[in-house]
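Novice: Each chain, written out:
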Amino acid sequence: MHTLGEIAEFINAKLVGDASVKINGIASLQRSNSNQLSYIVNGKHKRDLISSQAGVVILDKSLLDDCPTNALIVDDVYLSFAKISHYFKKQITHQAGIHPSAKINNAKISTTCVIGENVIIGHDCVIGPNTIIEDNVTIGDNAYLYPNVTILQGCLLGKNVVISSGAVIGSEGFGNARDNQGRWHTIAHLGNVVIGDNVTIGANTAIDRGTLEDTEIHSGVRIDNLIHIAHNVIIGQDTAIAANTGIAGSTTLGKHCMIGGMVGIVGHLNICDDVVVNAKSTVDKDIKTPGVYTGIMPLMSHKQWQNVGLWLVKLDKITKYLNIKLKNLKGK
Amino acid sequence: MHTLGEIAEFINAKLVGDASVKINGIASLQRSNSNQLSYIVNGKHKRDLISSQAGVVILDKSLLDDCPTNALIVDDVYLSFAKISHYFKKQITHQAGIHPSAKINNAKISTTCVIGENVIIGHDCVIGPNTIIEDNVTIGDNAYLYPNVTILQGCLLGKNVVISSGAVIGSEGFGNARDNQGRWHTIAHLGNVVIGDNVTIGANTAIDRGTLEDTEIHSGVRIDNLIHIAHNVIIGQDTAIAANTGIAGSTTLGKHCMIGGMVGIVGHLNICDDVVVNAKSTVDKDIKTPGVYTGIMPLMSHKQWQNVGLWLVKLDKITKYLNIKLKNLKGK
Amino acid sequence: MHTLGEIAEFINAKLVGDASVKINGIASLQRSNSNQLSYIVNGKHKRDLISSQAGVVILDKSLLDDCPTNALIVDDVYLSFAKISHYFKKQITHQAGIHPSAKINNAKISTTCVIGENVIIGHDCVIGPNTIIEDNVTIGDNAYLYPNVTILQGCLLGKNVVISSGAVIGSEGFGNARDNQGRWHTIAHLGNVVIGDNVTIGANTAIDRGTLEDTEIHSGVRIDNLIHIAHNVIIGQDTAIAANTGIAGSTTLGKHCMIGGMVGIVGHLNICDDVVVNAKSTVDKDIKTPGVYTGIMPLMSHKQWQNVGLWLVKLDKITKYLNIKLKNLKGK
Numbered sequence: 181m182h183t184l185g186e187i188a189e190f191i192n193a194k195l196v197g198d199a200s201v202k203i204n205g206i207a208s209l210q211r212s213n214s215n216q217l218s219y220i221v222n223g224k225h226k227r228d229l230i231s232s233q234a235g236v237v238i239l240d241k242s243l244l245d246d247c248p249t250n251a252l253i254v255d256d257v258y259l260s261f262a263k264i265s266h267y268f269k270k271q272i273t274h275q276a277g278i279h280p281s282a283k284i285n286n287a288k289i290s291t292t293c294v295i296g297e298n299v300i301i302g303h304d305c306v307i308g309p310n311t312i313i314e315d316n317v318t319i320g321d322n323a324y325l326y327p328n329v330t331i332l333q334g335c336l337l338g339k340n341v342v343i344s345s346g347a348v349i350g351s352e353g354f355g356n357a358r359d360n361q362g363r364w365h366t367i368a369h370l371g372n373v374v375i376g377d378n379v380t381i382g383a384n385t386a387i388d389r390g391t392l393e394d395t396e397i398h399s400g401v402r403i404d405n406l407i408h409i410a411h412n413v414i415i416g417q418d419t420a421i422a423a424n425t426g427i428a429g430s431t432t433l434g435k436h437c438m439i440g441g442m443v444g445i446v447g448h449l450n451i452c453d454d455v456v457v458n459a460k461s462t463v464d465k466d467i468k469t470p471g472v473y474t475g476i477m478p479l480m481s482h483k484q485w486q487n488v489g490l491w492l493v494k495l496d497k498i499t500k501y502l503n504i505k506l507k508n509l510k511g512k
Numbered sequence: 181m182h183t184l185g186e187i188a189e190f191i192n193a194k195l196v197g198d199a200s201v202k203i204n205g206i207a208s209l210q211r212s213n214s215n216q217l218s219y220i221v222n223g224k225h226k227r228d229l230i231s232s233q234a235g236v237v238i239l240d241k242s243l244l245d246d247c248p249t250n251a252l253i254v255d256d257v258y259l260s261f262a263k264i265s266h267y268f269k270k271q272i273t274h275q276a277g278i279h280p281s282a283k284i285n286n287a288k289i290s291t292t293c294v295i296g297e298n299v300i301i302g303h304d305c306v307i308g309p310n311t312i313i314e315d316n317v318t319i320g321d322n323a324y325l326y327p328n329v330t331i332l333q334g335c336l337l338g339k340n341v342v343i344s345s346g347a348v349i350g351s352e353g354f355g356n357a358r359d360n361q362g363r364w365h366t367i368a369h370l371g372n373v374v375i376g377d378n379v380t381i382g383a384n385t386a387i388d389r390g391t392l393e394d395t396e397i398h399s400g401v402r403i404d405n406l407i408h409i410a411h412n413v414i415i416g417q418d419t420a421i422a423a424n425t426g427i428a429g430s431t432t433l434g435k436h437c438m439i440g441g442m443v444g445i446v447g448h449l450n451i452c453d454d455v456v457v458n459a460k461s462t463v464d465k466d467i468k469t470p471g472v473y474t475g476i477m478p479l480m481s482h483k484q485w486q487n488v489g490l491w492l493v494k495l496d497k498i499t500k501y502l503n504i505k506l507k508n509l510k511g512k
Numbered sequence: 181m182h183t184l185g186e187i188a189e190f191i192n193a194k195l196v197g198d199a200s201v202k203i204n205g206i207a208s209l210q211r212s213n214s215n216q217l218s219y220i221v222n223g224k225h226k227r228d229l230i231s232s233q234a235g236v237v238i239l240d241k242s243l244l245d246d247c248p249t250n251a252l253i254v255d256d257v258y259l260s261f262a263k264i265s266h267y268f269k270k271q272i273t274h275q276a277g278i279h280p281s282a283k284i285n286n287a288k289i290s291t292t293c294v295i296g297e298n299v300i301i302g303h304d305c306v307i308g309p310n311t312i313i314e315d316n317v318t319i320g321d322n323a324y325l326y327p328n329v330t331i332l333q334g335c336l337l338g339k340n341v342v343i344s345s346g347a348v349i350g351s352e353g354f355g356n357a358r359d360n361q362g363r364w365h366t367i368a369h370l371g372n373v374v375i376g377d378n379v380t381i382g383a384n385t386a387i388d389r390g391t392l393e394d395t396e397i398h399s400g401v402r403i404d405n406l407i408h409i410a411h412n413v414i415i416g417q418d419t420a421i422a423a424n425t426g427i428a429g430s431t432t433l434g435k436h437c438m439i440g441g442m443v444g445i446v447g448h449l450n451i452c453d454d455v456v457v458n459a460k461s462t463v464d465k466d467i468k469t470p471g472v473y474t475g476i477m478p479l480m481s482h483k484q485w486q487n488v489g490l491w492l493v494k495l496d497k498i499t500k501y502l503n504i505k506l507k508n509l510k511g512k
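Chains as they are written, first to last, in our numbering: chain A, 181 to 512; chain B, 181 to 512; chain C, 181 to 512.
If you are wondering where the hints come from, they were derived from the structure by calculation, not from laboratory data. Hints are supplied without guarantee of correctness; some may be wrong.
Note that identical chains are pooled: a pair holds if it fits in a single copy or bridges any two copies.
Capping the alpha-carbon separation at 20 Å, the derived lysine to aspartate or glutamate pairs in EDC-like fashion look like this [to be verified]:
id, residue 1, residue 2
1, K269, D454
2, K435, D359
3, K483, D454
4, K270, D466
5, K497, E186
6, K202, E186
7, K269, D304
8, K507, E393
9, K339, D496
10, K194, D359
11, K435, D246
12, K224, D245
13, K505, D255
14, K497, D255
15, K270, D304
16, K483, D464
17, K194, D496
18, K241, D255
19, K288, D240
Keep in mind it's a predicted model, so treat the numbers as computed, not measured.
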């Protein structure tokens, strides 16, 4: 719990409101309550500001008149959010062995595991050696965690989940605010990773926690090795994703999709249900129609590729040139 | 050991044959013996069925007449195979420290390692701290395993092998059968990873075990960091593979190949000896001729790429259009 | 310390000089001193040879006349360097717990960590469970190392550094010399990884140590998950790199760059300051002008991609053909 007075001082903001109000968390404008802080980076979300139930909002002075609650006026809203986010990150116990508060049912836990405070592990789970489960993690019945897995604080795993060696669940999202000198300021990610039932996660895959809300892996999903799933991604039920693929922040995948290996999906996209993306393709726009999609350069002999490449980078010029030529010829 | 009666009940199959026959493993039609189960997914392999020595075969009723042994008739052969595969997965000990049955020669083992049942470690090996070696693994002389390595059950490493931190050897293959409601059913992978002599494996690389037979990394191979090698891949002698590359299931690479970084090689391919694939290329068909291969989009200014991209996706239409225009002009 | 006599015998070289000279390390021609060994692979660097202060140089006999110091004449210089490099690799302690020589200030170290000989850890650091810190590592104040991190010998981390789970710092570079039978010989990498202040490293990222000099990550850099950074790469201040990206050996990135996810950057390149590379692009040449760069194949329906691909691999032939056609038509 921090007072608005403390917060204002920490982020060097001008407080318009009650300095004694206590804040215990951060949420979006729409989801925050009177004990939570929110922020608005620009006027696009003005409507959400006007109806927000937040205890306080960090904002630019131009939006003060639309703020229905306490306000923290700053020069750079996103940077101030980055700085204050660390106030609300929970500290971790990191004791050896199994914390006395953990509820282990008849799970089989290796002696070299670390099980944190308030962890709940369901019936018939197997937790391999050297696997780390941080505070406040909940794992459903019949989960199998291989050796050397890392489940970071607060994550929630369903029933029959299988996590392979080297996988990291709940790593920090890659969110950073840049100040006016070009320096990055890390955002503390306060959401969790929530994994449904019957999900498998491959070796050395990393799934980042959400910024304020959770990263979600729905039931029945299959995730292969060495995959990166960024903060606030949502993967729909029974979707399968092959190895080396990366999905950037806040993208939502539908149900029953099949994503090939080493596919890159950029952030903030919506991919509908029943989409197949072939291996190595790049998805850089929403997909609204089920079907099979591809986008790769065909393999050639290196020499042929060099010849093709020479013209490829001039394709727009070739098209224009030929069109002019054709017109001229036609005009003859 | 499971009887055919038990197996039939578990996968809900109609048994044609002797319910008391005992089965202790699964193998392909061609390799299975009278104590093993096999399966045939479609008529293409009918010849293998006719000559199979298997104790029982899971099949569709249309193939019953060609089955020379006990038969388990099911609606979905592959799904039934997925379900029964878990019957034959060996359970793991996961005790702390070094299991009394392990044969450690004069290897240097860190106190925080876990060494499973029946593990054999050769002379002069170094096993770094927190490295996990599951049951029935064999490691040849003079191997060096860095800290935080995971070697899963049954894998076989040759002499002078070097495995870097974070590498996972013997993770489950990404094989799943889909039921008629679109749900995935994991296949238990019963093969191992077999690594020859003088092989190096980079940091955070993952090598999956084979489905029924083994994934093979032949002697002298060099594998860099963050590489995915799927189930049943075979990498020929002295081939080198650079970082971030992924090789999908059942692909075979020849000898003395050099695969660049972040190359994607799709499944079920054959790449001959002495092939060089440049970084970032996609290999989506067999390569039968030694040589240098490339397939990437050249880097451009973003603006130029946008201009090129506009025409690129219409390249077939441009070609057709121009051909018509030329014909028309010629006809004038 | 090894004498030139011992070294000559080990690599089967003809020594021209004093067999009793003692050598304690390897460095480049320009940086080596009289106790160090150097090597020259071809005549391009003859000027560096002539002015070298090295105690001995491995070289081809054709360069003997230009050698100002002791010489080791061999048939294959690079291969001989690979073999002798292992002489100078430091052995690791790998004891359990915290080595008595380690200087831990008021850092919070989990009981399952391994902290090697002569490690120095600054004030207020947190070292998560099962994290391994090998000998001679130095970590600045206020660092946060998540669970299951591996920091290998001799690496240097600045203040306020955050290293996520599964990350490996100081893995061996992927440098190998090939003998005349096509077999690879590993080069022992003797440089370290040097990380500045305020750097964050993502989950399951691997950063290789340098061959002779160090791999450098400058202050303020942000590195996401599952990234490969090869030996001797230099990343300039405040540059941010998104997940799944790979940077090959000896490439230098400038300051304030933003590299998208799954970008591949080939080796020995120079990328200037203030460069943005969009996700999935390949950088295969120097970038000398700040700006935004892209090089990917646009996503299409699979059918459309097949149609485009047919013509794409013939783009050079299409261009040539159309030009001839146009000339012929013009000539009519």
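Novice: Now tell me, hint by hint, if it's right for this structure.
Specialist: Hints, verified against the model:
1. K269 x D454: neither (37 Å within a copy, 32 Å between copies)
2. K435 x D359: Answer is between: at 15 Å across copies they meet the 20 Å cutoff, but 39 Å inside does not.
3. K483 x D454: between (38 Å within a copy, 17 Å between copies)
4. K270 x D466: neither (35 Å within a copy, 44 Å between copies)
5. K497 x E186: Neither, since 60 Å and 64 Å both go past 20 Å.
6. K202 x E186: Within one copy, since 10 Å is at most 20 Å while 63 Å is not.
7. K269 x D304: For K269 and D304, only the inter-copy Cα distance (17 Å) is at most 20 Å; the intra-copy one is 32 Å.
8. K507 x E393: Result: close neither inside a copy nor across copies, 58 Å intra and 61 Å inter.
9. K339 x D496: Neither: 54 Å inside a copy, 49 Å across copies.
10. K194 x D359: within (19 Å within a copy, 59 Å between copies)
11. K435 x D246: Neither, since 39 Å and 39 Å both go past 20 Å.
12. K224 x D245: within (15 Å within a copy, 70 Å between copies)
13. K505 x D255: neither (56 Å within a copy, 60 Å between copies)
14. K497 x D255: Result: close neither inside a copy nor across copies, 45 Å intra and 51 Å inter.
15. K270 x D304: Cα proximity of K270 and D304: across copies only (17 Å, versus 29 Å in one copy).
16. K483 x D464: Between. Shortest inter-copy distance 16 Å satisfies the 20 Å Cα cut-off; intra-copy 29 Å does not.
17. K194 x D496: neither (53 Å within a copy, 60 Å between copies)
18. K241 x D255: Answer is within: at 8 Å inside a copy they meet the 20 Å cutoff, but 67 Å across does not.
19. K288 x D240: neither (53 Å within a copy, 39 Å between copies)
Hint violations for this structure: numbers 1, 4, 5, 8, 9, 11, 13, 14, 17, 19, all remaining hints satisfied.
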